[in-house]
Amino acid sequence: MSILLVSTCDNKLSEREFTNPISRIIGDNHETLHYTQCTSDNISQFDKIIICGTSLKDTSYIKNFDNFRKLFYDFEGSILGICSGMHIVCSIFGSKIVGNREIGMFEVEVLNKNPLCEKSFQAYNIHNYSVKDLENFTVLAKTDTTPQIVKHNSKDVFGISFHPEVRNENILLNYLLI
Numbered sequence: 001m002s003i004l005l006v007s008t009c010d011n012k013l014s015e016r017e018f019t020n021p022i023s024r025i026i027g028d029n030h031e032t033l034h035y036t037q038c039t040s041d042n043i044s045q046f047d048k049i050i051i052c053g054t055s056l057k058d059t060s061y062i063k064n065f066d067n068f069r070k071l072f073y074d075f076e077g078s079i080l081g082i083c084s085g086m087h088i089v090c091s092i093f094g095s096k097i098v099g100n101r102e103i104g105m106f107e108v109e110v111l112n113k114n115p116l117c118e119k120s121f122q123a124y125n126i127h128n129y130s131v132k133d134l135e136n137f138t139v140l141a142k143t144d145t146t147p148q149i150v151k152h153n154s155k156d157v158f159g160i161s162f163h164p165e166v167r168n169e170n171i172l173l174n175y176l177l178i
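The opening residue of the sequence shown carries number 1 in UniProt numbering; numbering runs sequentially from there.
Note that these hints are calculated values from the structure, not bench results.
Worth double-checking, as some hints may not be accurate.
[Claimed, not checked] Here are the computed lysine-lysine pairs in the DSSO-like style, where the Cα-Cα straight-line distance is at most 27 Å:
no.	residue 1	residue 2
1	K70	K151
2	K70	K119
3	K155	K96
4	K48	K70
5	K96	K57
6	K113	K48
7	K155	K70
8	K142	K48
9	K96	K113
10	K151	K96
11	K155	K142
12	K63	K151
13	K48	K12
14	K48	K63
15	K142	K57
16	K113	K12
17	K142	K96
18	K57	K12
19	K113	K132
20	K142	K119
21	K113	K57
22	K155	K119
23	K63	K96
24	K155	K132
Bear in mind that the values here come from a model prediction, so they are computed numbers and not experimental data.
Could you build all of it, start to finish, from the sequences and the hints given here?
Dropping the structure here:
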């Protein structure tokens with residue numbers, strides 16, 4: 001299995017916080033590229049893509065939703081989008097990004113059986129945006145106000161609003177088993 005980590009960070013310091021921990025958790029069998037380095041050709045060699053999150057003030061990825069759609073819409077492998085990565089995968093398939101600031105630990109309720117998590121848990125959120133109009137997705141877990149884990153209805157595409165690299169490493173490891 002080959003895995004691509006996609007950084008959405010504007011700077012290397014943010015990558016240390018948002019991309020490097022995921023790299024450490026998933027181990028050696030992966031490559032990391034910044035989203036500006038991704039092409040349809042170079043991503044097609046991977047089985048799984050993890051689109052990592054970024055810092056609160058780092059929103060440059062929002063200006064690139066059309067490019068992400070061209071890159072990832074027809075990708076035949078599995079995709080996991082984390083935080084900004086969730087915004088990317090959901091927008092690719094028709095969902096809207098809305099302002100919604102959440103910082104801190106939140107109780108996440110599991111709504112539907114899924115391969116990522118079995119029961120409710122606490123998760124660390126740090127974001128200014130969320131998603132709505134999720135017609136092409138099933139909400140697998142949520143807080144009182146926000147979808148936290150979604151899965152595309154017909155593709156192997158997941159989105160996670162929180163940062164599993166902080167306190168929920170098992171969710172990342174479970175994703176690798178899918």
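These are the hints, each one checked on the structure:
Distance restraint check for K70 and K151: the Cα-Cα separation of roughly 20 Å lies within the 27 Å cut-off, and the hinted pair is therefore satisfied. For the hint linking K70 to K119, the alpha-carbon distance of about 35 Å lies beyond 27 Å, and the restraint is violated. For the suggested pair K155 and K96, the alpha carbons sit about 19 Å apart, so the restraint of at most 27 Å is met. For the given pair, K48 sits about 17 Å from K70 by alpha-carbon distance, which is consistent with the 27 Å threshold.
A threshold of 27 Å between alpha carbons decides the hint, and for K96 with K57 the separation of about 19 Å falls inside it, so the pair holds. As the CA atoms of K113 and K48 are separated by approximately 21 Å, the hinted pair is consistent with the 27 Å bound. Distance restraint check for K155 and K70: the Cα-Cα separation of roughly 16 Å lies within the 27 Å cut-off, and the hinted pair is therefore satisfied. Under the criterion of a C-alpha separation no larger than 27 Å, the hint pairing K142 with K48 is consistent with the structure, at around 24 Å.
Taking the CA atoms of K96 and K113, the gap is near 25 Å; set against the 27 Å cutoff, the hint holds. A threshold of 27 Å between alpha carbons decides the hint, and for K151 with K96 the separation of about 15 Å falls inside it, so the pair holds. The straight-line distance between the Cα atoms of K155 and K142 is roughly 20 Å, inside the 27 Å bound, and the hint therefore holds. Between K63 and K151 the CA atoms are separated by roughly 24 Å; this keeps the pair inside 27 Å, and the hint holds.
Among the hinted pairs, K48 with K12 is consistent with the structure: their alpha-carbon atoms are about 23 Å apart, no more than 27 Å. Of the supplied pair hints, the one linking K48 and K63 holds, its CA atoms being roughly 24 Å apart against a limit of 27 Å. Proposed proximity of K142 and K57 is supported: the alpha carbons are some 24 Å apart, at most 27 Å. This hinted pair does not check out: K113 and K12 have alpha carbons roughly 37 Å apart, beyond 27 Å.
Distance check on the hinted pair: K142 and K96 sit about 17 Å apart at the alpha-carbon level, within 27 Å; holds. This hinted pair checks out: K57 and K12 have alpha carbons roughly 14 Å apart, not beyond 27 Å. Of the supplied pair hints, the one linking K113 and K132 holds, its CA atoms being roughly 21 Å apart against a limit of 27 Å. With a CA separation close to 12 Å, the supplied pair K142 and K119 stays within the 27 Å bound.
Distance restraint check for K113 and K57: the Cα-Cα separation of roughly 34 Å exceeds the 27 Å cut-off, and the hinted pair is therefore not satisfied. A C-alpha spacing of about 23 Å is found between K155 and K119, which places the hinted pair at or below 27 Å, so the restraint holds. With a C-alpha separation of about 14 Å, the suggested pairing of K63 with K96 holds against the 27 Å cut-off. For the hint pairing K155 with K132, the CA-to-CA distance comes to about 19 Å; that is within 27 Å, so the pair holds.
Hints 2, 16 and 21 from the list above are not met by this structure, while the remaining hints are.
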